[in-house]
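Undergrad: Okay, here's what each chain looks like letter by letter:
Number of protein chains: 6
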Amino acid sequence: MEKRVVAFGEVMMRLSTPDNQRFTQANHMKTLYAGSEANVVASLAVFGDSAEMVTVVPENDLGLATIDSIRKNGVITDHILIEGDRLGLYFLETGAAQRSSKIVYDRFNSAFSEIKPGSIDWDSIMKEASWFHWSGITPAVSQGAATVCAEAIASANKHGVTVSGDINYRRNLWQYGKSAHEIMPDLIAGTHIIIAGLEDFKNCLSIDEPDYEKACRVVCEKYPQIRKISTTYRETVNATHNKLYGVMWDGRKLSNSQTHDIYPIIDRVGAGDAYMAGLIYGWTHGMNDMETLEFGVAAGVLKHSVEGDVNYCSVDDVKQLAKGENIGKLLR
Amino acid sequence: MEKRVVAFGEVMMRLSTPDNQRFTQANHMKTLYAGSEANVVASLAVFGDSAEMVTVVPENDLGLATIDSIRKNGVITDHILIEGDRLGLYFLETGAAQRSSKIVYDRFNSAFSEIKPGSIDWDSIMKEASWFHWSGITPAVSQGAATVCAEAIASANKHGVTVSGDINYRRNLWQYGKSAHEIMPDLIAGTHIIIAGLEDFKNCLSIDEPDYEKACRVVCEKYPQIRKISTTYRETVNATHNKLYGVMWDGRKLSNSQTHDIYPIIDRVGAGDAYMAGLIYGWTHGMNDMETLEFGVAAGVLKHSVEGDVNYCSVDDVKQLAKGENIGKLLR
Amino acid sequence: MEKRVVAFGEVMMRLSTPDNQRFTQANHMKTLYAGSEANVVASLAVFGDSAEMVTVVPENDLGLATIDSIRKNGVITDHILIEGDRLGLYFLETGAAQRSSKIVYDRFNSAFSEIKPGSIDWDSIMKEASWFHWSGITPAVSQGAATVCAEAIASANKHGVTVSGDINYRRNLWQYGKSAHEIMPDLIAGTHIIIAGLEDFKNCLSIDEPDYEKACRVVCEKYPQIRKISTTYRETVNATHNKLYGVMWDGRKLSNSQTHDIYPIIDRVGAGDAYMAGLIYGWTHGMNDMETLEFGVAAGVLKHSVEGDVNYCSVDDVKQLAKGENIGKLLR
Amino acid sequence: MEKRVVAFGEVMMRLSTPDNQRFTQANHMKTLYAGSEANVVASLAVFGDSAEMVTVVPENDLGLATIDSIRKNGVITDHILIEGDRLGLYFLETGAAQRSSKIVYDRFNSAFSEIKPGSIDWDSIMKEASWFHWSGITPAVSQGAATVCAEAIASANKHGVTVSGDINYRRNLWQYGKSAHEIMPDLIAGTHIIIAGLEDFKNCLSIDEPDYEKACRVVCEKYPQIRKISTTYRETVNATHNKLYGVMWDGRKLSNSQTHDIYPIIDRVGAGDAYMAGLIYGWTHGMNDMETLEFGVAAGVLKHSVEGDVNYCSVDDVKQLAKGENIGKLLR
Amino acid sequence: MEKRVVAFGEVMMRLSTPDNQRFTQANHMKTLYAGSEANVVASLAVFGDSAEMVTVVPENDLGLATIDSIRKNGVITDHILIEGDRLGLYFLETGAAQRSSKIVYDRFNSAFSEIKPGSIDWDSIMKEASWFHWSGITPAVSQGAATVCAEAIASANKHGVTVSGDINYRRNLWQYGKSAHEIMPDLIAGTHIIIAGLEDFKNCLSIDEPDYEKACRVVCEKYPQIRKISTTYRETVNATHNKLYGVMWDGRKLSNSQTHDIYPIIDRVGAGDAYMAGLIYGWTHGMNDMETLEFGVAAGVLKHSVEGDVNYCSVDDVKQLAKGENIGKLLR
Amino acid sequence: MEKRVVAFGEVMMRLSTPDNQRFTQANHMKTLYAGSEANVVASLAVFGDSAEMVTVVPENDLGLATIDSIRKNGVITDHILIEGDRLGLYFLETGAAQRSSKIVYDRFNSAFSEIKPGSIDWDSIMKEASWFHWSGITPAVSQGAATVCAEAIASANKHGVTVSGDINYRRNLWQYGKSAHEIMPDLIAGTHIIIAGLEDFKNCLSIDEPDYEKACRVVCEKYPQIRKISTTYRETVNATHNKLYGVMWDGRKLSNSQTHDIYPIIDRVGAGDAYMAGLIYGWTHGMNDMETLEFGVAAGVLKHSVEGDVNYCSVDDVKQLAKGENIGKLLR
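Protein chains in written order, with our numbering: chain A, 1 to 332; chain B, 1 to 332; chain C, 1 to 332; chain D, 1 to 332; chain E, 1 to 332; chain F, 1 to 332.
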């Protein structure tokens, strides 16, 4: 049986206003279930890989609906805990032109945040896994989530499972009494591939080096198990028009992908997760670093054209964009 | 200037699945802002009365949207506090035929529940008021809410304002360490009109008398300031077909209203609030007790035909139903 | 070429709130184009008959959309005038249970109401016609409309075309300075089949006889060219549940149809027009009076199950209901 | 690992007009993926059982969407074939009141109908199975489907798997040159539980006995492996109001369930499949025959209140209805 | 109490086709209530200012819905007259790319147009006001509206209230027998701030000077009470892509704002009103002329990104755009 | 009576996902009825010309809905055959930015494809016709369709009717045993105006000349009755942004139209048909070749801004774009 890419993190209900409405205008909201790590494994399942999501959903109808939704994407849900009271939520107002998109989070005290150390049998899970993915959102949510994330990373390392982490520092989280500086270094020390930018280095690793390439070098010196570091650069022309490219530190040097001009943006949420999934796919399917980078960026770019958090695009869709073929042509 | 009916309580975002969908089927939810006490004053404002809502909304776009929504109904919003982090929510799945409607609450830790004693200047408010309305949901939410509710009742009594309370005992609330038995008697002791059934008497006042008329007599003996007690009886034929009538203890005897056969039910949430508003309207506009009871019940019945929590029906609409005229006739 | 049923009257834009919303709740309205006489010929076209609508639409995009809509139903639009400024409108709020449906008209000063005598070449039209239908709404709208209606009736009689009139007295119209008593008798004098109730007899023909059968006899004595008189009786249980039957005076006696119990009502607007169309169809396709009456009532009943003003039901659908066969059965 | 209930049959795209529109009125259609056998296993997965669907979907985006949809319900999709060109479809117009609902099928030449004998490895599947379900629709579709169905039944019998069959004779199918009389007896000979009515006995087994109990006796004499025979009786008051009860032949005698009065019907498609799933659930979870019958009928009844083909109701929902508890009550 | 910005003008129902449909394609229309002057005060209320709308709405459910809608925006509605028969309407078809947007007005004979001189107690209103705003649409509608507008301006001047006027000459209006030349000069003579372009100068003031700066000088010579004149210039690349900048004559010289490139345009209706509101806000909150101009233009630009006539953007949103900060960035 | 433009071809139901959703995301699809040739005559009817569609629709409710839809556009439907079982379908997923739009056809075995030679009385039709239009899709569908198309062309030539053909070679069709090389030359030999590109020349006429002008010359030598050849060139910047221009061979030389920059594309399906209709309109209303070319291209460009297959734009709309006037300006 094909080994799985496993991710751990919170899955929330996303509620977004339709037709670019502002919150006060909306009398209905589009709903779906998403989260950074779940978006990564969903994208991999759409690519055809075996992928599993580990999370906690509350013991009510919304929790069950969350599982249905993850399952629909082809992601394995066998180790999801069903306990606790409330599902985390986020409200999204999609901007346009000069008006920014806006997210209002409502995720404190969620079932996920109340996860208890030891409640997930990671060793069973990692036996079936080839890759484990986490993000910096999880340890920011609660001490329990941080501890369980550390347990997962430890187990992954024990079973020889590659670990990727999307550092993704968010100042608004981290409200349970610990700072990122106290928690993140240990988690990163068990991680082989990281997505991180200069702000992440500073806020999580206390590395305040303004040159990205030099910063990567410093990081790798302190965390020698890290094999690759990557991030994307986004130029925001306006809320509907962005430009995007990726960079990858391959352990020795920094490379840039091509830049993609993206308009109109249908939904930019989840683009970083699609990028992460693209990188994982590239590295685990025999692409070299440069091919992987271009594949990852193309995946991130295509995500902007798909509503919702998940990149519902096939490997072929992504490869064609990476090669610049058939872009936007009507396919009959 | 006309004196106001003032209410105090939590206003939540309501998210309901469209077209009788179950939660797992929905990819959008209808949204509006509602709460038991707000529904009462909204109904009175639609009747043409001067009405004000006092509540707390969080300091974000959803809080502002809540105020806009209350204001749209014609309710005064001058003393709403804007502070705290999250808006309480409730999710509604509308049933049909034999399948029940279902509510999933997500209201803990809301901005309203974190209200602090003394934060509302009730004396200013009560100077402009002729009536104050509260419900048993508010003291069940948090100690802060209970205390502020008590402050309001005290101020109302000081200013000679009539006080009504919809006792509405809910077992799932009351999670902050106090029981209804500890809190409710003092609040009821400052209230002149109560909506309460046998369960409310038992759970809030420790009066375990199975006969409603006798129970009312006992309540009035212990709480001599109470002038009227009322409740509605509902026969649930199925989720779309109910029968409803009201009873009123006028201090001396119990009277029953006519029974209304209601199908199809468009939305039964808020019917009790519409009934409460109908009673307040009747008593404050010169109707006698029996007329008031029939007006209240007719208001409650009409609410079932209107989507949302608020009874968007005029005084004429209600009076015609109370008199049995033009029911359901096409009006050109 | 098959001869046509021709109707003359105003076609309006209908704007109705969705999902039983009250006007103040709606942020969109369903739109379609309809009018009493147009509904009759649309129904006949759906039955497969050759049918034509004569009306006036304004010289703007809404006027053209009106024509497209009439044409979609299979109705001939060759003699529609395109002139004038505004399309008449009506706003519909669909009630439920005890809450009535409500119509707000906005039809004054419409392009149709400004029609000028002589502007329609009725003789050309009547040469192709076998039947002409008008309603009492038309002469109530303006002097111009009344005059053109009279021209049509005169031309129909000249060409041996059967004339039907749905008297349909509406107090809110008749605002151009003439009363129904001044205008209607002449029009009825050229009409062979009328749909009218006791109120219509009183308000249009000054016949104030409380017994319908006797009234029909009086009408036929004064208007000897009248062959049949018919009307429907509706019991409104509530806005969603009605009972309906028809009666027909065949020149000698009165007969009643079976009574149909109708719930839930999807849309009752246009039921009378569907009934009229059913009568015309029955008489022009070899049914006897009783069969025609049952066919007409069944058509009117089925209309309640179809959204919009038009009865999108086939002859077979109607016949089966008239015979009581397969009512409501799932057809695969 | 829990053994599975496995079903085999076609899954189609269902396209239904919204809001009771007639086909010519619709400018959009609601879409979902469903089929009689898939509905049964979906219902069982919603109940919490392990369930698998075996089918064929075309090698295009609609085929993949079909799998996603089945998976969302919690049904295992591991042995679905992806081959062929087109997905079968059915169009549904939902009636109301006296107007019937109408289905237009477009399923000929579907990918499923082109399935080839031997293309499913039934022995692997049946090793994991405890129950196999098929319906009479499958052998009616094509010779290939009939043969593969026979292969499945044979394998099930070989592995001691209980077999249920919903005979469901449909005259419009059976167009590939064979009659039901030629194909069905052999399939029924390997089946232990059948859902069948008098028409099914006549058309599939040439048993033309008008008394249901006697007919069951005759069937069981000819097919001694049959343990139970069941069917439902439906009284169609109108398209929105039906009455339903079930009967079960338990090998010795016939029993009737209680009758349920169902209005308003939200969606009656799939009620028979919900009934079948209820029976399977009852028998496999220790209910006796009478409890099973009441559970099955309650499941079928609840299905009418849920949009779509699948009965999204829990075991508790069904049990409460079977016991007559909390019917239609608002659950907070 | 904070003094109010008061506006006077007509509020119409706006009916717009969804999803860029042409009128003939639409089977529903989005509805809202708007008008040039109401848009200005709504925008100011969203900014947090005290603002009041004076208008006339008909005595029916649509009139009441209009008031609810104005109130929702936080605008005071205390002096709105409820009288007359019909609400003015406008139909909007939103274009895209090369296809223009199109408005069909239906506002003649509206309740507002039938306003009678003396029917508004302007002195009471102006006592609470700090600013009065009118537009050239109002005097174009009817003699009554023109007279009441003149009464308002006179009262404002009497009470020392600053007056702004958006000249906005529209050839299609002015059908009641007077020309703009006859009416507008007197109104402008009581106005301190005007929004006007060369066409407005020519058509309303008979000043036919092709150079804007010179024209402003001439206007100020003839109307010495005018303090500022402003207008916007729009380059229409296509219906979805415009460029916009503003110019302001400050009494001595002309200044230009930066140019904003706007795509995609969600809704350009009301952009001029948002600009006007931005100017009023700037001048009344201590900004200098240049800051005010940039604030006004930024407000007008942001309006293009918001559906409907009203600029639902906060002061911070506008300030950030004026400063070029965070444009289109995702805000979490 | 004005002579008609007649077209012959298949009309399908089009089902498209809303809001740029991918197929697996959609729970409803927008539906309409369209086909290349029907789009051409619909566009001409919208321009105001007399136009007729000849096709075959199945004998079911979807077939009747197809006719209603064609009729709505003002196209004559008098010779449509109603026979056979299924309506051809196509599913459309509208892309955005870099993601392509995608069409899944489901048109095999349609009622149209089963048309029988001799089943259309072309001579009657051509007597009323001035122009006949066909496309290369029709002969690719089935031998029957190819034969009936040949019959139509022969009849048109017999009656002196101009024939246009949109060659439109599609590799996925042509599955009935004949190749385009065997069928198309004879059809083209009876055609006076063709729309064709280099691929069409190669695949249908075996002319493999890479220079378009030279290729046109060769085509005209072999098919001397051909008067004009034209095609469009499209640069796909992305799925939402294309550039388009047309070229026309007038028998002697090749001319290019201006290039139009199109963004955002609302719906590009049918743009070629709108172009064809524009050419027919130009030539039949006295434009010269260059005016016709610019009119055709402008029509094709405008189609991109209209949802659906049909170019709902007037002659004035098209002429203004061809002249570069008022592009995208708000029209009041």
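Check each hint, because a few of them may be wrong.
Each pair may be met inside one copy or between any two copies, as identical chains are not told apart.
[To be verified] Straight-line distance between alpha carbons at most 27 Å, and here's what the computed DSS-like set of lysine-lysine pairs gives:
id	residue 1	residue 2
1	K127	K323
2	K329	K243
3	K329	K253
4	K323	K102
5	K202	K243
6	K30	K3
7	K243	K158
8	K158	K222
9	K127	K3
10	K329	K158
11	K253	K116
If you are wondering where the hints come from, they were derived from the structure by calculation, not from laboratory data.
Remember, predicted model here, so these are calculated numbers, not experimental data.
Undergrad: All the hints need checking, so say for each whether the structure fits it.
TA: The hints, checked one at a time:
For the homomeric pair K127 and K323, neither the shortest alpha-carbon distance inside one copy (36 Å) nor that between copies (46 Å) is at most 27 Å. In this assembly of identical chains, the alpha carbons of K329 and K243 lie at most 27 Å apart whether taken from the same copy (20 Å) or from different copies (12 Å). Neither within a single protomer nor between protomers do K329 and K253 lie at most 27 Å apart by alpha-carbon distance, with minima of 36 Å and 30 Å respectively. In the homo-oligomer, the alpha carbons of K323 and K102 lie at most 27 Å apart only across protomers (19 Å), although the nearest pairing inside one protomer, at 33 Å, exceeds that limit.
Taking the shortest Cα distances, K202 and K243 sit within 27 Å of each other inside one copy (25 Å), while across copies they are farther apart (40 Å). In this assembly of identical chains, the alpha carbons of K30 and K3 never lie at most 27 Å apart, being 34 Å within a copy and 37 Å across copies at closest. With identical chains, the CA atoms of K243 and K158 are never at most 27 Å apart, being 40 Å at best within one copy and 56 Å at best between copies. Taking identical chains as interchangeable, the C-alpha atoms of K158 and K222 lie at most 27 Å apart only when both belong to the same chain, with a minimum of 21 Å there against 63 Å between chains.
Taking the shortest alpha-carbon separations for K127 and K3, both the intra-copy value of 9 Å and the inter-copy value of 23 Å come in at or below 27 Å. In this assembly of identical chains, the alpha carbons of K329 and K158 never lie at most 27 Å apart, being 47 Å within a copy and 41 Å across copies at closest. With identical chains, the CA atoms of K253 and K116 are never at most 27 Å apart, being 41 Å at best within one copy and 55 Å at best between copies.
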